[in-house]
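In case you want the letters, here they are:
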Amino acid sequence: MNPKTLRSLSRGLSLASLLLAIPLWALIVRLSGLPKFILPSPADVWTRFLVALQDGSLLRHTAFTLTEILLGLFVGVCFSTVVGYALAKSRALETVFAPYLIASQAIPVVAIAPLLVIWLGNGILSKVIICSLIVFFPVLVNTIIGVRAVSQSLYDLMNSLRASRWQILFKLELPASLPVLLGGLRIGATLSVIGAIIGELVGAQRGLGFLLQLGNFQYDTSMVFVAVFMLIALALSLYGAVALLEKIFIKT
Amino acid sequence: MPPFLSVRNLSLVYPDNNGGLRALDDLSFEIRPREFVCFLGPSGSGKTTFLRLLAGILSPSAGEVNFADSRQPKVGMVFQQANLMPWRNVLQNVILPLELEGADKNEARVKAREMIELVGLKGFEDSLPRDLSGGMAQRVGIARALVHDPDLLLLDEPFASLDALTRERMWTELSNIWQAQQKTVVMVTHSINESLFLADRVLVLTQRPGRIKLDLNVDLPRPRNDDVRYTSHFGKLAKELRGAIE
Ligand SMILES: Nc1ncnc2c1ncn2[C@@H]1O[C@H](COP(=O)(O)OP(=O)(O)OP(=O)(O)O)[C@@H](O)[C@H]1O
Ligand SMILES: [Mg+2]
Chain A
1 MNPKTLRSLS RGLSLASLLL AIPLWALIVR LSGLPKFILP SPADVWTRFL
51 VALQDGSLLR HTAFTLTEIL LGLFVGVCFS TVVGYALAKS RALETVFAPY
101 LIASQAIPVV AIAPLLVIWL GNGILSKVII CSLIVFFPVL VNTIIGVRAV
151 SQSLYDLMNS LRASRWQILF KLELPASLPV LLGGLRIGAT LSVIGAIIGE
201 LVGAQRGLGF LLQLGNFQYD TSMVFVAVFM LIALALSLYG AVALLEKIFI
251 KT
Chain B
1 MPPFLSVRNL SLVYPDNNGG LRALDDLSFE IRPREFVCFL GPSGSGKTTF
51 LRLLAGILSP SAGEVNFADS RQPKVGMVFQ QANLMPWRNV LQNVILPLEL
101 EGADKNEARV KAREMIELVG LKGFEDSLPR DLSGGMAQRV GIARALVHDP
151 DLLLLDEPFA SLDALTRERM WTELSNIWQA QQKTVVMVTH SINESLFLAD
201 RVLVLTQRPG RIKLDLNVDL PRPRNDDVRY TSHFGKLAKE LRGAIE
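Protein chains in written order, with the working numbering: chain A, 1 to 252; chain B, 1 to 246.
Hint data in this document are derived by calculation from the structure and do not stem from the laboratory.
Take the hints with a grain of salt, since some may be wrong.
What the hints assert, rightly or not - Some chain B residues judged to face chain A by a derived CB distance under 7 Å, without partners named:
#, residue
1, Met77
2, Asn83
3, Pro97
4, Leu100
As the list claims (entries may be wrong) - Listed below are the simulated DSBU-like cross-link pairs for lysine-lysine, each with C-alpha atoms no more than 30 Å apart in a straight line:
#, chain 1, residue 1, chain 2, residue 2
5, A, Lys247, B, Lys122
6, A, Lys89, B, Lys74
7, B, Lys105, B, Lys74
8, A, Lys171, B, Lys105
What the hints assert, rightly or not - Among chain A residues calculated to face chain B with C-beta under 8 Å, some are:
#, residue
9, Ser153
10, Leu154
11, Asp156
12, Leu157
13, Ser160
14, Leu161
15, Ala163
16, Gln167
For every residue, glycine included, the Cβ atom is placed at its ideal position computed from N, Cα and C.
Bound-form chain A, shown alone (with noise of 0.2 Å):
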């Protein structure tokens, strides 16, 4: 079996798999005969999610929630990159920071999101912070090894032709560390999503998160479903826009 024929089966399978999911889900309410407030069926999250998108409810905190998984991780993005690349660049600003990034690590950002929502208020600035301080990281750690794994002799090459700095940087760095870069893109993506969540689960009045403890508190568990699906469409359309980049420009 060729690769690509064997990719298709495989991509098959898994769709397969959860269109098997659905009449699994629904005899394991029929038998259970749980009430709907604990385990809804597939037909009441349906209703409720079409109830949902009509009232236009849905669309307004998903597009919210959006927004601060976006600023969120530009935010992120840029600090990181900027400050990885002169991390890369300096050996002497790495040892001076290092220390910190590394203990900054221990501090989960569960913990400190009730802090930031009290300091910045329950709008969309403290959410925009949370999500760009659970980017940082990783995108910090794969900017210093893309930054660092440029080939001596590239540099060499750019270097004989007398290149500019910025030259350097765009026509060098760039390219050869994008892959690595576009990787920790990927895990900052996903992590983008949490970060968003447990900002509007500390405190918030919009976005999915609230819809998502609205639907608790409420009992309104099929809310909840519809919630936890939406954000899961989040996660994969922004994992799949990441890829996209990827395959637009990674030719290698």
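Place chain B with the ligands on chain A using the hints.
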């Protein structure tokens, strides 16, 4: 005629944990404009280091390298490994020096295609380096070193990875380029044949730290073809070089 470049008491020490590693020690010599000079020497004698100094990539630990018009000339460099950018195709790799100079895009493309044809890779413009054989990649490196018409050509064992036939074709090609464009060429090689076929002058370096052991004038007539290798004078020069290397 003033020398194209003069090297005076040049030393290079690479920093390491115990006092530094001395790669080159007190080199002094001159190279005339348009001269073709070959460097022979055992592995680790500092040949690559020396080329990096000439290219201005590295600064000397002591002594100096001076150029005729007292500024760094335009350099074309061929590396020991092909040293291509894996994310660029052949054409994009060859065009790089012109791109960095800010040359007109269309002219650059025409020039690059010419060079690709010269090294016998017509039809491979769109190939990525991973799809090339070692010898083909090396020829892309040679095209890239020539494309921006440099004053000084630095070649670090450029033909080591080529098969014998291609290698000898490249010798003739390089000879022709050098005679037509009259660049100054400094080439590192392990091959006595190669150095005698191409060079005006061969310098032999000692074991590390590299010092000059022999400065041999190659007074074989040009253009040199296959037959030159079977002359007794060629044999005499080769013997002299062999003696110096051991
Ligand atoms: N960047 C570097 N840092 C430290 N030491 C180096 C560096 N580059 C080369 N050296 C050392 O300097 C010496 C000379 O190296 P160089 O590469 O110039 O030798 P070479 O004559 O080109 O050898 P070869 O024929 O194997 O290519 C070697 O002992 C090498 O280990
Ligand atoms: Mg070498």
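Glutamine 167 of chain A as chain B interface residue, shortest Cβ-Cβ below 8 Å: With a minimum Cβ separation of about 6 Å from chain B (threshold 8 Å), the hint on glutamine 167 of chain A holds.
Hinted contact methionine 77 of chain B with chain A - closest CB pair below 7 Å: holds, 5 Å
Agreement of lysine 89 of chain A and lysine 74 of chain B with the hint, judged by alpha carbon distance not exceeding 30 Å: The hint holds at about 27 Å.
Agreement of hint proline 97 of chain B with chain A interface, Cβ distance less than 7 Å: holds, 5 Å
Cut-off 8 Å, beta-carbon criterion: hint that aspartate 156 of chain A touches chain B: Holds, because the Cβ-Cβ distance from aspartate 156 of chain A to chain B comes to roughly 5 Å (cut-off 8 Å).
Satisfaction of the leucine 157 of chain A interface hint, Cβ to chain B closer than 8 Å: holds, 6 Å
Status of the asparagine 83 of chain B interface restraint (C-beta, 7 Å, chain A): Cβ of asparagine 83 of chain B sits 5 Å from chain A, so the hint holds.
Cut-off 8 Å, beta-carbon criterion: hint that serine 160 of chain A touches chain B: This hint holds: serine 160 of chain A lies near chain B, its Cβ roughly 4 Å from the closest one there, short of 8 Å.
Proposed proximity, lysine 122 of chain B with lysine 247 of chain A (alpha carbon, max 30 Å): Between lysine 247 of chain A and lysine 122 of chain B the Cα gap is close to 28 Å, so the pair holds against 30 Å.
Given hint alanine 163 of chain A near chain B, where the shortest CB pair must fall under 8 Å: holds, 5 Å
Hint check, serine 153 of chain A versus chain B [nearest Cβ-Cβ separation less than 8 Å]: holds, 5 Å
Chain B contact restraint for leucine 154 of chain A - C-beta distance below 8 Å: holds, 6 Å
The structure agrees with every numbered hint stated previously.
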